[in-house]
Structures are given as C-alpha cells and as structure tokens.
Amino acid sequence: MPELPEMETYKTLLHQKIGGRTITDVLINREKSINIRPDEFINRVQNQEIKAIERRAKHLLFHLENGYVLLLHLMLGGLMFYGKEEEKPDRTVQIQLSFGDQHLYFIGLRLGYLHILSQKEVEQELTDLGPEPLDVNFSLDTFLNLIEDRRGRIKTTLVNQEFLSGIGNCYSDEIAWHSHLLPERKMNELNDNQKVQLYQSIRFVLHQATQYGGYMDMALFKEDNKTGNYNNKMYVYDREGEGCQRCGAAIIKEELSSRKTFYCKECQT
DNA sequence: AGGGCAACCCGGACGC
DNA sequence: TGCGTCCGGGTTGCCC
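Per the UniProt record's numbering, residue 1 is the first one in the first sequence, and the count goes up by one each step.
Among the clues, some could well be false.
Stated by the list, open to error - Cβ-Cβ distance ranges computed for the label pairs, FRET-style:
1) E266 x L27: 48 to 54 angstroms
2) E240 x H15: 33 to 39 angstroms
3) L27 x Q211: 33 to 39 angstroms
4) Q46 x N137: 34 to 40 angstroms
5) P38 x D238: 33 to 39 angstroms
6) R110 x T12: 22 to 28 angstroms
7) Q211 x I36: 34 to 40 angstroms
8) E31 x F99: 20 to 26 angstroms
9) Q16 x M75: 22 to 28 angstroms
10) G67 x E189: 45 to 51 angstroms
11) E240 x N193: 28 to 34 angstroms
Don't read these hints as lab results, they were simulated from the structure. If you're wondering where the values come from, they're calculated on a predicted model, not measured in any experiment. Note that CB positions come from ideal geometry on N, CA and C, so glycine has one too.
Whole structure, please, built from the sequences with the hints as guidance.
Spelled out as structure tokens, the structure:
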C-alpha cells in the first residue's frame, strides 16, 4: 500500500506533469471519496491552477490558486494514473481531474479520499502526525528522544503515525530487516547500538526506496519507468519462502499485531 | 501506554 | 465466460 516512498514518487512525477497547470474538469463517480457536495467541490476545484504539490506523511496536498487544498490519502490499494483516456488502466475510477485532454485518475479509493479543505482545516487534519523521517531536522538525537519511554514493539511503533509519519506495513518490515532486528522486539529492550542502527535503517531504507520510485508497480503514466523499481529490491516484504539476501535462510511470514509480517529468523535478532 | 479488536469499504482475485 | 464469495489493510475509536 502506498507509503512515504510511493507518495514522494507520486509528488515528484505529478509536479512535472500537472504543476502550474489548470484543472479544466472534475468528475466525481464516488461521492464518499469527497467531503462536501459534488457541486460545491467542483466549484472550488474547477478552473484552478495547481500552484504546488506537497507530501506530508502518506498524504499528498495539491495547493490550488484560490488557497484551497486538495488533501489526498490513498489508504489501502489506492493509486493514480495520468494520461489520455485511451491509456488509462481498466479499473474503476472514483474521481477524475482533467487537464485538457489529459486526466488524473484516482483509482481504488475505497477507504481513501480526496478532500477539499482550507489551509487551516488541512493543518488541523494533520496536526497529530509525527515527524518526517527523511527531514533534515530528524536527527539521531531527535529519534532517541522520541523512543525514550517507548515500550511497544518495533513494528507497531514504526507504523504509528503519531510517532513517525509515513511508514506502513511494508517499510516497517524492510527497516527491521535492514537493522538486523526482529519486528517483535520491544523498543525499550534495545541497546544503544541497536537504537542507532534502527535510526540509520529508517533513513537508509526510506531514502533508497524513494530513489527507486517505491514498490508499487503500477506506472503513473505511459512510459513511466520510475514508479515501482524498488519492487525487485525488497528485502523481505511479500518474499515468503525466498532466500534472505544476507544469509540465504527462507523468509518467514507471520502475523504480528494483526498485520502480516515478513522477517528472517536467522539474521534478525 | 500499549495491545486487541471491530468497523469502515468494495473491487478484484479466485473458485467453481 | 459468468457468477458468487471473500479478503485486503490504513485508520479510528473503544475497551481493558
């Protein structure tokens, strides 16, 4: 499911495609995906220029010239496609933003949404999110302060958006593997070296995954060769039974805190 | 505080 | 091809 690297990739690519362009048409096929009446929604969005696209946690923010913001969360299975009508994947489209004869399709929005909000409302909406793990200000000291008194498991802590923002089920496993630590390990039982290692793995894995365009393999547009290249770099996620890249042992799949979890029982401790 | 769990939602995958 | 069934999974909220 789309997490920080996927949303960051979307941000970069969409900026190139629709940054500075004007939304000519809006099509709402699923009213539950928006937050106000469709006619009001269209009123606020149509004929507006996209001034900037920003990512916060797993959200994308489309800043419009009238000051309103389109706040997107893809939740589970949501994805986007940009292009001409004949290029779009054969999937149900919940919302469509048009830019002349090119369209931005929002697909698989089941629990996901695209809300139109004032800047103040967006701020309130995002107020409980923890720090951005790739932010330059997210230092080792910040991290050590953050995990002080934390007694939960590594995995549940990493996916907690109030603790750190943008990490989900996939990257929590990737980070745990990279740090040689089991996802079930308790934060407060890690020694100093392991805490430093965990911090470094958070930074490394998220950075690398973003460089490779995340792991979701659906291209954002025709001839998009950026999106999803991390898919074949993944260490453990969805690799049950395959050999561990470090020690060769078979990757284990298990349920932890009602989430599917992948790890190597030989070289993670 | 942290763990457990239900509810939200429905398209797509899968079985026959 | 066609129809019925089931499941995924981030987030919220509630309880213990």
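> Taking each numbered hint in turn, which are not upheld by the structure, reported in ascending numerical order?
Replying inline: none
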